[in-house]
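What follows is the residue order along each chain.
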Amino acid sequence: MDPEAAKLVGAGLAAIGAGMAAIGVGNVFGSFLESALRNPGAADGQQGRLFIGFAAAELLGLLAFVVAMILIFVA
Amino acid sequence: MHQFMIEPMFGSANWELAGFNIAFTNSALWMLIAAVALWAFVLGGLKRELVPGRWQMAVEVFTGFIDDMLEANIGKAGKKYVPYIFSLFMFILFANLLGLIPLPLAMAGLHAFTFTSHFTITGVLAIMTFAIVLIIGFAKHGLHFFSLFVPHGTPVPMIPLIFVIELISFLFRPFSLGLRLFVAMMAGHVLLEVLASFVIDSSNAGAVWGLAIGAPAFVLMLAICALEILVAGIQAYVFALLTSLYINDAENLH
Numbered sequence: 392m393d394p395e396a397a398k399l400v401g402a403g404l405a406a407i408g409a410g411m412a413a414i415g416v417g418n419v420f421g422s423f424l425e426s427a428l429r430n431p432g433a434a435d436g437q438q439g440r441l442f443i444g445f446a447a448a449e450l451l452g453l454l455a456f457v458v459a460m461i462l463i464f465v466a
Numbered sequence: 008m009h010q011f012m013i014e015p016m017f018g019s020a021n022w023e024l025a026g027f028n029i030a031f032t033n034s035a036l037w038m039l040i041a042a043v044a045l046w047a048f049v050l051g052g053l054k055r056e057l058v059p060g061r062w063q064m065a066v067e068v069f070t071g072f073i074d075d076m077l078e079a080n081i082g083k084a085g086k087k088y089v090p091y092i093f094s095l096f097m098f099i100l101f102a103n104l105l106g107l108i109p110l111p112l113a114m115a116g117l118h119a120f121t122f123t124s125h126f127t128i129t130g131v132l133a134i135m136t137f138a139i140v141l142i143i144g145f146a147k148h149g150l151h152f153f154s155l156f157v158p159h160g161t162p163v164p165m166i167p168l169i170f171v172i173e174l175i176s177f178l179f180r181p182f183s184l185g186l187r188l189f190v191a192m193m194a195g196h197v198l199l200e201v202l203a204s205f206v207i208d209s210s211n212a213g214a215v216w217g218l219a220i221g222a223p224a225f226v227l228m229l230a231i232c233a234l235e236i237l238v239a240g241i242q243a244y245v246f247a248l249l250t251s252l253y254i255n256d257a258e259n260l261h
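Protein sequences, first through last, are from chains A and B.
Take the first sequence: its position 38, counting from 1, is numbered 429 in the numbering used here, and each next residue is one higher.
Take the second sequence: its position 126, counting from 1, is numbered 133 in the numbering used here, and each next residue is one higher.
Just chain A, same shape as in the assembly (with noise of 0.2 Å):
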């Protein structure tokens, strides 16, 4: 294969890290939801820990934007 193709391609594929990162993300606040309705009393109390679960898996998304952005204009 070319090597510009490749980048590109592989660019491309990096992208499914930030599908991924989505699904992570959801799953987060998702369950995050599901257990504040279940018990409204606590929930404001855990809104740090949310946020650092939400934090620790947008960055693996993040990182795969970086590795596409590396592949399209550094490497």
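Where hints are given, some of them may not hold.
[Claimed, not checked] A few chain B residues facing chain A, derived, Cβ under 7 Å:
#1 L178
#2 R180
#3 S183
#4 L248
Read the hints as simulated data drawn from the structure, not as lab findings.
Computed from a predicted structure; not experimentally measured.
Every residue gets a Cβ at the ideal spot worked out from N, C-alpha and C, and that includes glycine.
Based on the hints, put chain B in the right spot on chain A.
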């Protein structure tokens, strides 16, 4: 892409200090605007009225929010970090929100610049946090600070392995902290630009294409703009939250 270009302003392109170019760039200009806006915002709330007005209430909501966050994450010792975390949070929040403003003067070359979409800036903010963690950690606990890398109850044979893993994850923190903010802001702005190019290109291709593709893309762009305002707040909050967690590690060692 033009919106991410850093350009010298006011004829300062050739300013030099010890061989380095120190031109006053549009990035620096927007940092200054964010700092001045933040200063003006807080100044309006410093009247110390017994019954707070709207403005003072707005400022107190933010300070109280940061205060509660540090109280919950660090405890009593968190009080002394309120000024730093508050400045950090508000500066990033103002930067993200100011960068989203669509200035009507875009044709004249004046457009909002989101300096948080550059790793140089977010990286420096992250390094500041990391430096504070290291300084506090070593000043307060000395070499005992290294016990941060060995969680309680680790079996002895596992200690070398866990130590290395924890050390790497600790050293990766400033990168992940800066990278998260920078990529989230940049990705949002790239997305807006791509949608805007859909609107412009399809409208140029004729009324039919404009209505079929441009109009839905425009509606989507408005929705994404609203989402970007949310992201601006969340990213500022996440940055402040993670900073407070890292400081908690230095302050309390697990």
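Quick rundown of the hints versus the structure:
{"no.": "1", "hint": "L178", "verdict": "violated, 15 Å"}
{"no.": "2", "hint": "R180", "verdict": "violated, 11 Å"}
{"no.": "3", "hint": "S183", "verdict": "holds, 6 Å"}
{"no.": "4", "hint": "L248", "verdict": "holds, 6 Å"}
This entry does not satisfy hints 1, 2, going by the numbered hints stated previously.
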